[in-house]
Amino acid sequence: MDMQVAKKKLGLKERYAVMTRGLDWKPSYQKMEDIYPYMAYEGIKIHDWDKWEDPFRLTMDAYWKYQAEKERKLYAIIDAFNQNNGHLNVTDARYLNTVKLFISGISPLEYVAHRGFSHVGRQFPGPGPRVACLMQALDEIRHAQTQVHSISNYNKYYNGMHDFHHAHDRVWFLSVPKSFFDDAITAGPFEFMVSIGFSFEYVLTNLLFVPFVSGAAYNGDMGTMTFGFSAQSDEARHMTLGLEVIKFILQQDPANVPIVQRWIDKWTWRGYRVLTLVAMMMDYMLPKRTMSWKEAWEVYFEENGGALFKDLARYGIKMPDCAAQIALEKDHLSHQAWSTFYNYAAASNFHTWMPDEEEMAWLSSKYPNSYDKYYRPRMEFWREEAAKGNRFYNKTLPMLCQTCQIPMIFTEPGDPTKICYREVDYKGDKYHFCSDHCKKIFEDEPEKYVQAWLPVHQIYQGNCFPEGTDPTVEGFDPLAAVLKYYNLEFGRDNLDFDISEDKKNFAEWRGQATKNV
Amino acid sequence: MAVAAVKTYEFPPADTVDKFHGAQLLYIGWEDHLLFCAPFAFPFPPTMRFGDILAGVLPGVFGYHPDFAKIDWAKAEWFKSGQPWQPDADKSLAENGLKHKDVIRFRTPGLTGIKGSCS
Chain A
1 MDMQVAKKKL GLKERYAVMT RGLDWKPSYQ KMEDIYPYMA YEGIKIHDWD KWEDPFRLTM
61 DAYWKYQAEK ERKLYAIIDA FNQNNGHLNV TDARYLNTVK LFISGISPLE YVAHRGFSHV
121 GRQFPGPGPR VACLMQALDE IRHAQTQVHS ISNYNKYYNG MHDFHHAHDR VWFLSVPKSF
181 FDDAITAGPF EFMVSIGFSF EYVLTNLLFV PFVSGAAYNG DMGTMTFGFS AQSDEARHMT
241 LGLEVIKFIL QQDPANVPIV QRWIDKWTWR GYRVLTLVAM MMDYMLPKRT MSWKEAWEVY
301 FEENGGALFK DLARYGIKMP DCAAQIALEK DHLSHQAWST FYNYAAASNF HTWMPDEEEM
361 AWLSSKYPNS YDKYYRPRME FWREEAAKGN RFYNKTLPML CQTCQIPMIF TEPGDPTKIC
421 YREVDYKGDK YHFCSDHCKK IFEDEPEKYV QAWLPVHQIY QGNCFPEGTD PTVEGFDPLA
481 AVLKYYNLEF GRDNLDFDIS EDKKNFAEWR GQATKNV
Chain B
1 MAVAAVKTYE FPPADTVDKF HGAQLLYIGW EDHLLFCAPF AFPFPPTMRF GDILAGVLPG
61 VFGYHPDFAK IDWAKAEWFK SGQPWQPDAD KSLAENGLKH KDVIRFRTPG LTGIKGSCS
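Protein chains in written order, with my numbering: chain A, 1 to 517; chain B, 1 to 119.
To be clear, the hints were calculated from the coordinates, so they are not data collected in a lab. Predicted model, so just to flag it, every value in this text is computed and none were measured. Careful, some of the hints might be misleading.
Stated by the list, open to error - Derived CB-CB ranges, DEER-like: (1) A:His119 / B:Trp73: 54 to 64 Å; (2) B:Gly22 / A:Asp79: 49 to 59 Å; (3) B:Trp78 / A:Arg492: 36 to 46 Å.
To be verified - Okay, derived cross-link-like pairs now, DSSO-like style, lysine-lysine, Cα gap no bigger than 27 Å in a straight line: (4) B:Lys80 / A:Lys395; (5) A:Lys395 / B:Lys115; (6) A:Lys418 / B:Lys99.
From the three backbone atoms N, C-alpha and C, an ideal C-beta is built for every residue, glycine too.
All chains should be modelled from the sequences, with the hints used to inform the complete structure.
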């Protein structure tokens, strides 16, 4: 009888080497620059890809195993949540608007992140970063998918979520997150890694995911909360990758430092402008608040980010200049943003409302320097007018910032009573900006931003009506035509929360679940 | 500084005046009245009389605000791109020197919004 000799098992380290770097080879009859054509044009110099330290030694087979395990748990909980009418356990029906904001504003970005990481994962000559990007690309598409699955149950009962991806590509305010990511994926591979891998995933991610996931936990939304936990270990990996990328690029050549600094400055500001949506979500949309936007900014950016930039000082990187302006805006951002959505409630895919007395008291206590002086009078006026049946709906389209695409709602740094206007003349046309930082981003690459698809201008060009619409006919109603183009139903998906079908249905269904009728 | 690109990178701007069917964009903001969250964008023909904007457009846009009815237009201060500017109500936008994507604002002295909060 032959002896069965056990196959020698590879150790973890060898296994990792064989299944990542071992998969790479040196091309013999093609030039490296033909295989990796996007490596040089951004001006970043990499001398030795082997210096890349893999921050996590994960191989593809182990990756599948971990993710499959997480999926099993996630879907078991989502099923239980759905089967037990978990949607009726959220704090109150206003919370659903946070979910709408998330599915139409954030989830589509996960998908674009997937595309971005797939692209750069192909472009880097080093096998270490290629494998890391491949995994992140898979994470991102998994996140998009699990978010859609977690939230789809709400779509069975509530309005505004039915065509979230269509909305993402069209609705005026969704051009803000959309153009942010479009800007990143149309940049070169290195800028993409600094923008999304570092600035977004490392510096700002805690300000995006923690508020949504803890907001879900505080407000009884077990589906979204569980998704958040399922993504958490991925996010930790993404943060590590983001930091490794930065350090690697900076160590490779001193000429890389100013380029990377400019990208960090740009993308911290771009990301912060997108977080305007999160700020108002935290302060106005969560029926049960977790912390104020200002507190979140102080903890996650000023403290944690401050420590990070101290650490990066040894590579020659400093805190972005925009941090000074953001510090001035933290008392105002969420109030200005919520006022904007209250203005344009007729054109949005979620409902808005005015805070009640108790919520205003909370805002006053969290924002003692600004709320009572600048924002309470405005909001009390709106509340009184709404009570009289004269709810304010602003039906005139706003002027937008050419770079961040947010309406020009932001005030001068240090003077919350004056709108901040900045402008540039470029090749015979005027371009307008909300801030010095958005203006500088434009001036650095005007060729890119003159192409911006600004929703307001597109509407006025006649590009945002359903096919066959004739805007010249008597009595043409542009808002109605634009809502049709958005695939939103007037009176159902938009307007004030108080008169919404969501509010009525939720009260009725919760009544059935908790009372004997 | 130019955009980093692998080859010539030249694309037409998205918002040139020829795309607005004979209109040009004009942005109008009302200082100290942030109840209206941002300045407004309008597509107006360059031949439009400036006075027709004051009388025919602004009331529908800003009229919700209790201060609007109190405006004394003779005292209103105008700014174009942030610089003091004097429009002539009887002249057209073009004759007033307004070009595509110009931004003008007006200040109404004495009127500072809801309870003086610049809202």
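How the hints compare with the structure:
1. The hinted range of 54 to 64 Å is satisfied by His119 (chain A) and Trp73 (chain B), whose Cβ atoms lie roughly 56 Å apart.
2. Restraint check, Gly22 (chain B) to Asp79 (chain A): a C-beta distance of roughly 58 Å satisfies the suggested window 49 to 59 Å.
3. Hint check: Trp78 (chain B) to Arg492 (chain A), Cβ distance near 42 Å, so the stated range 36 to 46 Å holds.
4. Taking the CA atoms of Lys80 (chain B) and Lys395 (chain A), the gap is about 24 Å. The hint holds against a cut of 27 Å.
5. With a CA separation close to 24 Å, the supplied pair Lys395 (chain A) and Lys115 (chain B) stays within the 27 Å bound.
6. Distance hint between Lys418 (chain A) and Lys99 (chain B) is fulfilled; the C-alpha atoms sit about 24 Å from each other, no more than 27 Å.
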